[in-house]
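Residue numbers (my numbering), protein chains in the order written: chain A, 1 to 479; chain B, 1 to 479; chain C, 1 to 479; chain D, 1 to 479.
Treat the hints with care, since some could be wrong.
[As the list claims (entries may be wrong)] Derived DSS-like pairs (lysine-lysine); straight-line CA-CA distance at most 30 Å:
| no. | chain 1 | residue 1 | chain 2 | residue 2 |
| --- | --- | --- | --- | --- |
| 1 | D | 444 | C | 317 |
| 2 | C | 169 | C | 450 |
| 3 | C | 326 | D | 74 |
| 4 | A | 79 | D | 74 |
| 5 | D | 165 | D | 205 |
| 6 | D | 376 | C | 74 |
| 7 | D | 326 | C | 74 |
| 8 | B | 376 | B | 326 |
| 9 | A | 410 | A | 444 |
| 10 | D | 169 | D | 74 |
| 11 | D | 444 | D | 470 |
| 12 | D | 74 | B | 84 |
| 13 | D | 470 | C | 354 |
| 14 | D | 444 | C | 74 |
| 15 | D | 376 | C | 225 |
| 16 | D | 444 | D | 225 |
| 17 | D | 169 | D | 470 |
| 18 | D | 74 | C | 376 |
| 19 | B | 74 | D | 79 |
| 20 | C | 79 | A | 74 |
Calculated directly from the structure, the hints in this document are not laboratory data.
Number of protein chains: 4
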Amino acid sequence: MDFQLQDYDPINGLKPSENCAVVGICGKDPVFLKIYTSLRTLQHRGQEASGVAIYDNGKINAIKVDGLVHEGFKPYIEKGLTPKGIVGIGHNRYSTAGMKNITGAGPFLISTAMGDMAISHNGEITNYEILRDELKELGVPFVTKTDTEVMLNLLARTIRQRGIKNGIKSSMEILQGAYSVALMIGERMYAIRDPKGFRPLILGKSGNDIIVASESAAIDVVGGKVIRDVQPGEVIEIFNGEITTLFTLRSQRISHCMFEYVYFARPDSIIDGTEVYNSRYQLGTNLAREAPAEADVVIPVPDSGRTQALSYASELKMEYSEGLFKNRYSERTFIMPGNMERDGAVKLKLNPIKSVVNGKRIVLVDDSIVRGTTMKRIVSLLRSFGAREIHVRIASPKIVAPCYFGVDMKTRDQFIALNKTDQQICDEVGADSLAYLSIEGLIKSIGMDKKSLCIGCLTGEYPVKILGEKEDVQTTLEF
Amino acid sequence: MDFQLQDYDPINGLKPSENCAVVGICGKDPVFLKIYTSLRTLQHRGQEASGVAIYDNGKINAIKVDGLVHEGFKPYIEKGLTPKGIVGIGHNRYSTAGMKNITGAGPFLISTAMGDMAISHNGEITNYEILRDELKELGVPFVTKTDTEVMLNLLARTIRQRGIKNGIKSSMEILQGAYSVALMIGERMYAIRDPKGFRPLILGKSGNDIIVASESAAIDVVGGKVIRDVQPGEVIEIFNGEITTLFTLRSQRISHCMFEYVYFARPDSIIDGTEVYNSRYQLGTNLAREAPAEADVVIPVPDSGRTQALSYASELKMEYSEGLFKNRYSERTFIMPGNMERDGAVKLKLNPIKSVVNGKRIVLVDDSIVRGTTMKRIVSLLRSFGAREIHVRIASPKIVAPCYFGVDMKTRDQFIALNKTDQQICDEVGADSLAYLSIEGLIKSIGMDKKSLCIGCLTGEYPVKILGEKEDVQTTLEF
Amino acid sequence: MDFQLQDYDPINGLKPSENCAVVGICGKDPVFLKIYTSLRTLQHRGQEASGVAIYDNGKINAIKVDGLVHEGFKPYIEKGLTPKGIVGIGHNRYSTAGMKNITGAGPFLISTAMGDMAISHNGEITNYEILRDELKELGVPFVTKTDTEVMLNLLARTIRQRGIKNGIKSSMEILQGAYSVALMIGERMYAIRDPKGFRPLILGKSGNDIIVASESAAIDVVGGKVIRDVQPGEVIEIFNGEITTLFTLRSQRISHCMFEYVYFARPDSIIDGTEVYNSRYQLGTNLAREAPAEADVVIPVPDSGRTQALSYASELKMEYSEGLFKNRYSERTFIMPGNMERDGAVKLKLNPIKSVVNGKRIVLVDDSIVRGTTMKRIVSLLRSFGAREIHVRIASPKIVAPCYFGVDMKTRDQFIALNKTDQQICDEVGADSLAYLSIEGLIKSIGMDKKSLCIGCLTGEYPVKILGEKEDVQTTLEF
Amino acid sequence: MDFQLQDYDPINGLKPSENCAVVGICGKDPVFLKIYTSLRTLQHRGQEASGVAIYDNGKINAIKVDGLVHEGFKPYIEKGLTPKGIVGIGHNRYSTAGMKNITGAGPFLISTAMGDMAISHNGEITNYEILRDELKELGVPFVTKTDTEVMLNLLARTIRQRGIKNGIKSSMEILQGAYSVALMIGERMYAIRDPKGFRPLILGKSGNDIIVASESAAIDVVGGKVIRDVQPGEVIEIFNGEITTLFTLRSQRISHCMFEYVYFARPDSIIDGTEVYNSRYQLGTNLAREAPAEADVVIPVPDSGRTQALSYASELKMEYSEGLFKNRYSERTFIMPGNMERDGAVKLKLNPIKSVVNGKRIVLVDDSIVRGTTMKRIVSLLRSFGAREIHVRIASPKIVAPCYFGVDMKTRDQFIALNKTDQQICDEVGADSLAYLSIEGLIKSIGMDKKSLCIGCLTGEYPVKILGEKEDVQTTLEF
């Protein structure tokens with residue numbers, strides 16, 4: 001929580017990894033610019049810092065930059081100071097704590113007796129603090145407080161002891177939580193996904209390049225085609241143009257994060273066989289069935305509620321309209337660090353369209369509510385523009401418990417829904433009515449088996465044992 | 001064209017002012033932060049540079065910054081280095097030529113025998129080069145090549161000779177073209193709009209503050225209420241809490257820029273009595289009536305074609321879907337300087353949603369086409385994702401002639417529609433069918449009299465005499 | 001005093017020009033890099049901002065940068081964004097007021113009916129405020145509050161009325177104070193020096209290049225040879241490889257600034273026939289004769305007192321030693337803006353050499369004292385390192401009055417010597433004895449006629465009429 | 001040589017540590033600003049990057065910055081983002097290879113089973129590559145390629161196995177080469193100097209603060225008093241206001257670097273009982289005795305040859321004069337990275353004083369010659385200013401072999417003196433005569449026993465076994 005090493009900001013600490021973007025490309029030509037371009041398409045998964053690590057001539061070197069991919073790498077690209085190697089990985093970091101900090105950015109690199117190793121990681125290792133202490137006891141020094149460094153050092157150790165295949169397997173049997181990883185051991189690349197498959201990881205091909213990435217857009221943008229998802233528990237070796245599954249460590253219970261479908265992923269992504277756009281469309285449809293409202297117009301909270309509002313209106317044959325204009329030059333609220341920014345941004349970000357709102361009974365649709373502060377302000381804003389009634393409809397269930405697997409929802413007492421009835425929440429945001437989608441509705445919309453999803457933040461029961469939290473009894477890992 | 005003075009970039013010149021944002025606030029408390037916030041809401045009207053000029057204690061001082069309002073002023077706000085005065089003006093500069101350049105940014109200031117003067121200008125003075133030469137002959141030195149400096153020096157001269165009211169009038173009788181202006185003469189502020197009313201200018205009030213701005217969002221954001229539009233040819237004095245119309249210089253022919261409704265302004269703005277969102281909705285409706293298409297789904301080019309696509313689908317009772325995902329972290333194509341950025345950005349910016357596109361007959365709706373390069377790429381992108389048919393529908397007429405009044409469409413041979421039939425354009429972008437809205441449909445959608453709009457870029461006939469161009473015969477200025 | 005226009009810093013104003021560096025080169029190949037290099041050698045004359053203006057293809061363009069020449073122009077040179085013209089001028093700005101500010105930096109450019117004009121100016125126009133008001137009355141707008149802009153506009157006006165030669169002459173008859181100028185009227189360059197010759201200006205040649213500069217080092221560094229000083233009142237046209245004296249406006253009384261010899265200029269410069277190093281050597285010699293001290297060692301305040309201390313010791317056959325180490329990485333005290341920096345810097349800047357100081361009777365020699373704060377701290381520092389006696393010797397007379405001609409000594413009550421006896425000053429700095437060189441000693445050391453020097457800051461009598469100050473009766477200007 | 005990890009610059013590698021600055025302060029109040037100020041006085045020992053690590057509340061955090069101490073830390077100090085702890089260490093990095101790089105900057109931090117550890121190191125571990133490989137074999141991962149990381153990990157390992165005292169001792173028995181270190185283990189600080197005492201390390205006190213630093217100026221500047229040098233091989237614990245010598249690991253042979261006295265250290269420093277200024281004075285005196293020259297004037301190469309030239313002149317009763325003016329705004333040649341900078345800087349840096357040089361027979365004194373390029377240019381410059389004869393005198397012996405202990409003289413074939421006679425060198429630099437001080441003269445000047453100095457770069461025989469080099473037989477380490 002409060003550990004910090006080699007950090008430029010002496011005041012604020014770095015948290016363990018959150019939801020991030022992972023890319024790896026193994027080709028026959030220099031891959032730097034392709035990785036850079038892929039990272040740009042995954043910018044929504046992390047805006048704080050980025051990095052690219054490239055193998056060349058026996059060594060792995062990295063460039064790490066602050067801020068947006070485009071801006072950070074600009075001077076390197078302009079001056080031609082980019083690595084020439086043909087195998088490399090990239091990472092975007094999403095962080096909500098503290099000042100911007102390049103040190104915590106991935107990829108993380110170490111030099112070992114086996115050569116150089118590098119890792120890009122998306123997810124969150126729930127037992128990393130214990131593992132960190134154990135590795136320290138074994139003489140491993142740490143230079144950051146990230147779970148990524150712990151994972152890489154654990155991998156280095158078990159691989160050295162047992163070889164690549166068995167070593168990765170041993171590490172996976174020890175690591176708990178969410179991890180979708182691109183790993184380099186010298187020039188060999190590995191795609192690793194935790195046995196429960198919390199976070200997405202997808203495999204593609206473009207000419208001679210084999211690509212692994214968090215989402216398919218990163219493959220599309222470099223002209224590639226998706227091959228398939230990396231399976232939960234699967235470890236794939238990518239070397240010399242060959243894709244080889246080393247093994248798949250099966251779990252009794254898959255736990256894909258439902259929030260990727262609700263909010264986090266790009267709508268054009270197809271994750272574990274399910275298109276995100278289609279899930280969102282179904283979320284709106286099912287929300288309409290469960291919680292119809294009598295009103296004049298359905299409007300979304302842009303951009304997050306748009307697809308759901310559209311299908312909500314379509315299902316109920318209501319008018320759909322874009323009643324809130326979103327200022328293109330204000331950043332995505334959810335992803336901005338710091339409370340102050342989150343509050344100040346709302347005012348500049350959204351403005352009602354008078355003709356759509358004035359005198360109207362409105363259904364206001366959004367994808368989810370975490371704290372409720374933005375929703376409260378939007379309701380108040382719509383009223384000040386003459387809205388007659390406002391019926392809030394949320395296309396996902398109440399969030400009542402923290403996420404331990406990579407989404408920045410950690411603090412229970414920030415959740416507006418915690419220990420409140422729908423009516424209490426409705427009163428707090430100042431709406432005329434308010435309804436959430438049910439958990440059943442969510443599962444039906446995503447179109448997966450309930451046992452394939454992690455819905456811990458909705459139920460408080462988690463697919464992995466978390467100290468002080470309830471475990472989802474169906475979900476014990478078999479090994 | 002190629003003149004340059006006091007310019008940090010020695011290679012590229014500055015063009016005369018383009019479409020920009022203007023703000024002026026006159027209050028009883030320090031206005032800097034209010035102007036800053038207003039400028040942020042008008043960021044879409046100019047992202048190259050910004051400035052704020054404040055009157056304090058007998059003098060006017062200015063801060064000018066590069067880039068986005070938010071980023072440029074950050075160090076000044078953080079260090080508390082912001083002026084304390086209660087009257088001030090602000091400006092966002094939109095530029096398409098050359099490197100970023102703070103010198104050309106507004107507001108422009110001069111010190112004269114009458115005291116300090118400052119001006120924020122949106123529009124384009126068509127006869128500024130002649131006026132500049134004439135003023136030089138009269139001994140006026142110039143430090144930039146902008147039309148704004150010419151206008152301010154002309155105003156300074158005529159005001160000195162004839163007093164404020166008659167002086168402004170004299171200048172307006174000489175100035176040709178588009179100008180919506182916030183002017184400061186010491187602590188007195190003036191809102192000036194050219195007699196044809198090309199560019200918007202709106203008046204509002206918030207507590208003790210009187211506000212003039214390019215669009216109403218700038219008034220909303222500081223908690224104000226719109227009073228009314230500044231009338232074409234109207235000159236308003238704002239001083240000491242009083243709003244006084246000095247005079248209104250009438251033109252035989254009003255010429256509101258149709259492109260503000262089609263693309264440029266925010267949809268929540270109400271300009272000259274017409275809500276932009278509503279105009280865009282009507283543009284889609286009338287496009288549907290004029291050019292229906294048999295297809296499975298209507299999809300917009302986001303974000304510019306969304307409202308029009310929605311009403312197009314609604315009018316024809318077709319399915320509407322967001323079939324193209326827009327990457328939030330790539331900037332608005334149209335407003336980015338440089339050809340390279342324009343091209344490179346398309347690839348990163350848009351990605352199709354497979355389930356919406358694959359095997360479908362698609363109506364693709366956008367607000368307008370200038371060069372056609374982006375449209376060409378989108379059509380090709382949709383085909384590669386399995387679109388069966390693509391019917392392009394454009395919710396405005398063909399652009400065939402340059403704009404001389406502030407929109408960055410200067411070079412005839414860049415227009416895809418120049419000397420081409422619809423079928424030729426259709427072939428060039430690779431669509432199955434293609435149709436534009438008619439000029440009549442455009443006028444009906446905006447809901448104004450044809451004689452109140454400037455449609456020079458659609459007809460090649462202009463409401464002001466332009467050397468080498470045809471004049472719209474109905475539009476001779478009476479004075 | 002407190003006027004400010006077009007200024008990035010809204011809090012602090014810009015003062016009129018102070019002692020600055022001027023360079024002009026007229027050649028047959030691109031001159032930008034030569035001007036840049038010359039400016040680097042004159043960095044001691046101004047570190048706040050720099051600029052280069054180049055004539056090319058009918059126009060004059062400028063690049064202006066903040067801070068040191070080397071750092072400011074670096075990105076332009078690296079990216080190859082430097083002008084290609086073969087005639088140009090440069091300027092380093094020295095400023096002591098406010099934050100760094102690029103707008104006040106020279107060269108100043110205007111576009112007029114005669115074409116583009118640019119000026120680099122070193123000195124200070126004493127009647128610029130009146131002239132500025134008069135020009136304003138004549139309709140000339142001002143965009144800065146500098147005397148440089150006043151001078152250029154006056155020149156533009158009189159040249160237009162009377163042609164170049166008579167126009168410059170007319171302006172010079174009106175302008176009062178100090179000015180050494182490089183002027184460009186289109187591609188023609190003019191070197192102008194005020195009739196009293198306050199500030200240096202020197203002419204040189206290097207291959208095809210004709211060079212005018214504040215000091216000869218700027219000529220040496222580009223491989224050139226000095227031709228001669230520009231004479232007081234002389235106006236030289238440099239065009240097409242020809243050097244032509246247009247006229248020389250003679251004054252009854254020359255007034256070379258004595259402080260150039262004492263402190264400001266580089267020791268390797270030869271100004272008006274007198275080598276600065278030699279003058280400084282003589283200042284020490286004469287100081288020794290006037291104010292010998294019985295002591296063990298003579299030590300200089302580095303770097304400013306070194307030459308004088310050396311000749312002082314040599315004259316008295318005393319031991320000379322470098323008893324104070326100067327940290328190379330702390331900047332020159334006198335030239336740093338802000339009181340805080342001046343104070344904090346002393347501590348980091350100097351440290352005594354124990355073996356030289358401990359138990360010794362020391363003669364401490366410096367070139368001059370303005371405020372005395374640094375001297376006070378040095379005396380205290382030496383005592384803390386065991387100095388037995390400290391005899392302060394200053395190789396110039398007491399400064400008791402402001403400079404109005406370009407040296408940053410404006411505020412009487414900051415002068416330690418004002419209304420104090422030598423003993424009082426000695427007590428204040430904490431020395432055992434203290435002596436200044438006499439005015440006669442100064443004049444003898446520089447080796448010029450008393451009537452050829454401005455010693456206004458030593459006597460309070462000035463060679464130009466200054467409101468509220470005594471005039472040196474011998475010095476009325478004849479025209 | 002060419003290994004690189006976690007490095008922002010993908011093209012150039014980082015070399016092992018070179019001569020650097022080390023500071024550590026243990027007090028009762030926050031120490032950050034004191035460490036910062038101390039580092040400023042030691043800026044001459046490293047200008048590439050700096051860092052400060054502070055213990056606070058169970059953890060050690062660091063701030064690392066690029067470039068000069070003053071500039072790098074400015075934003076942190078301005079925003080108040082500085083650590084509050086009362087124990088901390090600082091480091092300035094001197095580097096000659098590649099682009100600026102913050103990652104290689106000290107202090108280096110790790111988190112271990114014993115808590116956080118941090119190290120600041122000056123020197124060069126000659127066997128670090130072997131140790132790095134051995135530690136890798138033991139499972140220690142490396143994130144940089146510096147010798148500092150190797151040293152810290154070795155210390156962490158041996159301390160964990162044997163306790164602090166014996167652990168440090170064990171590490172010192174393994175480490176070869178030069179190291180003057182400030183080490184933190186949690187809140188305990190240790191000053192460690194290698195048994196041969198290559199690099200300086202000095203202990204002081206200021207009120208409650210105990211200070212360890214590379215040179216005494218760092219103690220003086222915070223108002224402290226020197227206690228004594230840390231002895232070769234001594235390990236001192238500084239904790240809770242107590243200074244305790246844990247042990248002293250004696251070597252048969254002390255090896256203080258002679259180059260600290262000749263060039264590197266500040267003249268005001270007293271290192272191992274010998275004042276640097278006094279050594280330099282003696283170097284000049286002995287040079288005069290060994291190699292007198294018949295000439296008119298002795299001039300130094302400023303600033304490095306000044307003291308030696310002064311005593312040379314004094315010894316021979318010759319005239320001493322500052323015949324070369326050094327531009328204050330060009331950086332120290334020796335310490336600037338890159339060949340280009342080194343060459344370009346000479347031209348801008350030095351200019352002769354005509355009256356001192358013209359027609360004169362000159363003795364030109366410098367402290368040392370490494371490559372000879374600068375000397376060559378100075379001789380040529382002096383001739384072009386009319387010098388009649390130039391007699392080069394170097395106040396140290398010929399450098400003929402690389403330094404392996406922290407001075408950036410690595411490449412034999414860059415040394416001008418390699419395999420050349422004095423006459424050949426004289427011819428190459430273009431002088432009339434040239435002489436070096438003898439090794440005996442050097443030793444006598446420094447005033448130490450020959451067996452107490454490392455003169456490996458003068459003889460090619462080193463006090464530590466270096467692969468491929470001769471060992472100084474007198475110097476075998478006893479353990």
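Hints, one by one, checked against the model:
no., hint, in the structure
1, D:444 / C:317, "holds, 28 Å"
2, C:169 / C:450, "holds, 27 Å"
3, C:326 / D:74, "holds, 22 Å"
4, A:79 / D:74, "holds, 27 Å"
5, D:165 / D:205, "holds, 23 Å"
6, D:376 / C:74, "holds, 28 Å"
7, D:326 / C:74, "holds, 22 Å"
8, B:376 / B:326, "holds, 17 Å"
9, A:410 / A:444, "holds, 26 Å"
10, D:169 / D:74, "violated, 39 Å"
11, D:444 / D:470, "holds, 24 Å"
12, D:74 / B:84, "holds, 27 Å"
13, D:470 / C:354, "violated, 39 Å"
14, D:444 / C:74, "violated, 47 Å"
15, D:376 / C:225, "holds, 21 Å"
16, D:444 / D:225, "holds, 29 Å"
17, D:169 / D:470, "holds, 27 Å"
18, D:74 / C:376, "holds, 28 Å"
19, B:74 / D:79, "holds, 14 Å"
20, C:79 / A:74, "holds, 14 Å"
Figure legend: structure checked against the earlier numbered hints; hints not met, in rising order: 10, 13, 14.
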